[in-house]
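Undergrad: So the chains spell out like this:
There are 2 protein chains.
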Amino acid sequence: MKNNWIAIDWGTTNFRAFLMQGSVQVSQINQACGLLSIEQGQFASTLQTLLQPWLEQHGALPVVMAGMVGSQQGWHEVPYAELPCSAGDLASRTLAFQTPWGSPAWIIPGAHGMSQFGQPDVMRGEEVQLLGLAALYPASRHIALLPGTHSKHAAMRNGEIVSFSTFMTGEVFSLLTQHSILGRALPEQQDSQQAFLLGVKTTGEGAPFTHLIFSARTRRLAGEISDAHIHSYLSGLTIGYELQAIPGGQHTWVVGSPSLTARYQLAASQMNLELSPVNGDDCFVHGLWQLLPLLQGNKS
Amino acid sequence: MKNNWIAIDWGTTNFRAFLMQGSVQVSQINQACGLLSIEQGQFASTLQTLLQPWLEQHGALPVVMAGMVGSQQGWHEVPYAELPCSAGDLASRTLAFQTPWGSPAWIIPGAHGMSQFGQPDVMRGEEVQLLGLAALYPASRHIALLPGTHSKHAAMRNGEIVSFSTFMTGEVFSLLTQHSILGRALPEQQDSQQAFLLGVKTTGEGAPFTHLIFSARTRRLAGEISDAHIHSYLSGLTIGYELQAIPGGQHTWVVGSPSLTARYQLAASQMNLELSPVNGDDCFVHGLWQLLPLLQGNKS
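Chains as they are written, first to last, in UniProt numbering: chain A, 1 to 300; chain B, 1 to 300.
If you're looking for bench data, these hints aren't it; they were derived computationally from the structure.
Hints are supplied without guarantee of correctness; some may be wrong.
Coverage of chain A stretches by chain B, computed from C-beta distances (three or more under 8 Å per stretch; other residues unrestricted) [said to hold, decoys possible]: (1) 14-20; (2) 95-108; (3) 120-127; (4) 157-169; (5) 213-225; (6) 236-242.
The following residues of chain A were derived to be distant from chain B, with all beta-carbon distances above 10 Å [claimed, not checked]: (7) Ala60; (8) Leu136; (9) Glu188; (10) Pro208; (11) Phe209; (12) Ala245; (13) Pro293.
Using N, Cα and C, we set each Cβ at its ideal position, and we do this for glycine too.
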C-alpha cells in the first residue's frame, strides 16, 4: 500500500472527502450530495464518480468512511458501538468491504449510549472527531462540544468516549427561522453581534425553551431588536441555551469549522465559559488516521 | 339595543363568531379565514359576508372582537393594555368604531407584561378568556393554563390579570412533526396513549428541550416507539415540557377545547398536577359579556 488514502465524511446533506498522504491533507472535495440525494443502489457509482480524479491519479486507494453513510438510510448499515468506546472498539466493529473498482473500503460504526440526562443517544461521525481530538491533544480527560445541526457534548477518559448528549441546536434554529411565526415576513437579515449577545444573555434567566423563543417576537414588537437582526437573536438564543448545559470551571474544547467555533466562543465569553477551538476537519482526518492501522491489521 | 350581539375571536388562522342572546350562545360560525388570508382593506367586506345570515335576521347587531384582529397585521391595531389588567382597564383601551353597515363595533386590546421568567410577553384574545374564567368561577386567585399554538400560563388576583408567560407548544409540535428530521419518512400516524405518556414521563428528567426532543429519534431507532406513534410521543414531550413550568400543589384551571384540555389533563395525571378543565368558548363569550356593558357605557 502506498501512503495515500481517502478519508470521507458522508452525511445526510453533505459529502466531504480528503485525499490524504499519511496524516496530511493533500486535497479536498465538498459536494452537496448527502445521503438524501442518493438513490438506493447508487452509492458505489456516485462515490466512484466523485473520486474519479484521485483514483485515476493514484489507483484504487483505501477509502475510510464515517458519518450517516453507515446508518439505515446509508450505503451499508453498521451497528453502533456501545459506550464506553475506544479506538479499538470502533475498529473491531467497522465494516470492511471492497468497492466495485477494487478499493479496500471501511465504514466506521457510530456510537450509542445514555446521555447525561438519561436519554438514549447516538452519533455517527463525531466519534471519529473525538478520537482525533484525543490524538492531537492527549490528556486523561476531554470535555468537547461539537456544534452543528445536531450538536454533541461529549466526555472522554484516557482516549475513550464515555458519554455524550445531542442538542438539536442547528436544526431548531433552521426550523424557527424558516418555518415558524418568529421568522415570518422578515426583511433581508444582517448579522448583528449585539442581537446575538442579547439572545445569549436572555438564556441566562433559566426560562424554558418554548417560552424563551417567544421573546424573539415580543422584543421585535417592542422595538428592542431590529427586524433585520431576528436571525442573529435566534442564533444567540439557541446557542446560548445549548451552552447552559456545559458546566463552568472545566476546560472545554469546541470542535468544528472556524466560523462556527468562533460563534460559540463569542457566546461562551458572555457566560464565564472558556472554549478552546479545534478545527473539525483536522480532528476528523486524525481520527481516521488513528483507526487506519487497526483496520488494516484486522483485515490482514 | 336588543339583547342580541355578536362575539368574535378573529385569530391568525381562524375566524370564530358566536351569535349571543345575553350571555347565551345561540349560533356559531367557524371559518378558516384568519387574518393571514385577508387582504388589507378587505376586513369589513369579509366580515359582512361572514355575518350576513345573522345581520339579515337581526339587523346591525353590536360586534365585539378580540384576538389578532387588533394586531399590526389585523384590521385596526389596538395597543396592548399593561399588566396588571382588569376588565375596566381593557374596556377603557378598547377601540370603538362603526362598521360600514352600521353595527357598533369594538376591538378589545391585548395585554402586555413581563413573564414569570423576566421576558416581555404579549397575548391577544386570551385576556378575554381569563376575564370569563374569573366571572364563571369567582375567586381571589386564579392560576390558568390556556393551551394552544402559543399556550399561556396566567395568574389572576381579584379578577385582575397580574402575570402570564407564553409557551410555543403547539407551534413547536407542528415544526417538529412537519419540518424536522424527527417527523421525516413516517407512516400514517396513530394516536397512542402509551407513547404520549412515555413522552410526558421523559420530560421529568430535567433535560434541556433541544436535547429532549432528540429522544424521538433515538427511541425510534431503538424500537422503543413505533414509527406510527412518533407524533403521540412528540405531543407528550412538548405538552409535558410545558407542564413542568406549572408549580405543583396549587389549583390550576385549563381553559380550551374539550379534546385539548383532556390531553393536558392526561399529561398532568402523570405529574402530580391537578388541572380543572373549563370550556374555552364559554370563557371567551363570558369575558366579552363582562366587557359589553363597560364598552356601551364608554360609548354613550
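Undergrad: All the hints need checking, so say for each whether the structure fits it.
TA: Against the structure, the hints come out as follows:
1. A count of 0 residues in the region 14-20 of chain A with a Cβ less than 8 Å from any Cβ of chain B is obtained; the coverage claim is therefore unmet, three being the minimum.
2. Only when three residues or more bring their CB closer than 8 Å to a CB of chain B does the claim for the region 95-108 of chain A stand; here the count is 0, and the claim is violated.
3. A count of 3 residues in the region 120-127 of chain A with a Cβ less than 8 Å from any Cβ of chain B is obtained; the coverage claim is therefore met, three being the minimum.
4. For a cut-off of 8 Å, the count of residues in the region 157-169 of chain A with a CB near a CB of chain B stands at 5, and the three-residue condition holds.
5. Given as covered by chain B, the region 213-225 of chain A passes the check, having 9 residues with a CB less than 8 Å from a CB of that chain where 3 are the minimum.
6. As drawn, the region 236-242 of chain A meets chain B at 3 residues by the rule of a beta-carbon pair under 8 Å; at three or more, the given contact holds.
7. Even its closest Cβ contact with chain B, about 34 Å, leaves alanine 60(A) beyond 10 Å, as expected for a residue assigned away from the interface.
8. Every CB of chain B lies more than 10 Å from the CB of leucine 136(A), the least distance being 27 Å, so the non-interface label holds.
9. The non-interface label for glutamate 188(A) is consistent with chain B: the shortest C-beta to C-beta separation is roughly 20 Å, beyond 10 Å.
10. Residue placement check: proline 208(A) does not keep its beta carbon more than 10 Å from all beta carbons of chain B (closest about 5 Å).
11. Its beta-carbon lying about 4 Å from the closest one in chain B, phenylalanine 209(A) breaks the requirement of being farther than 10 Å from that chain.
12. Non-interface status of alanine 245(A) relative to chain B is broken: a Cβ of that chain comes within 10 Å, the nearest being about 5 Å off.
13. For proline 293(A), the condition that its CB be more than 10 Å from all CB atoms of chain B holds, with the nearest at approximately 31 Å.
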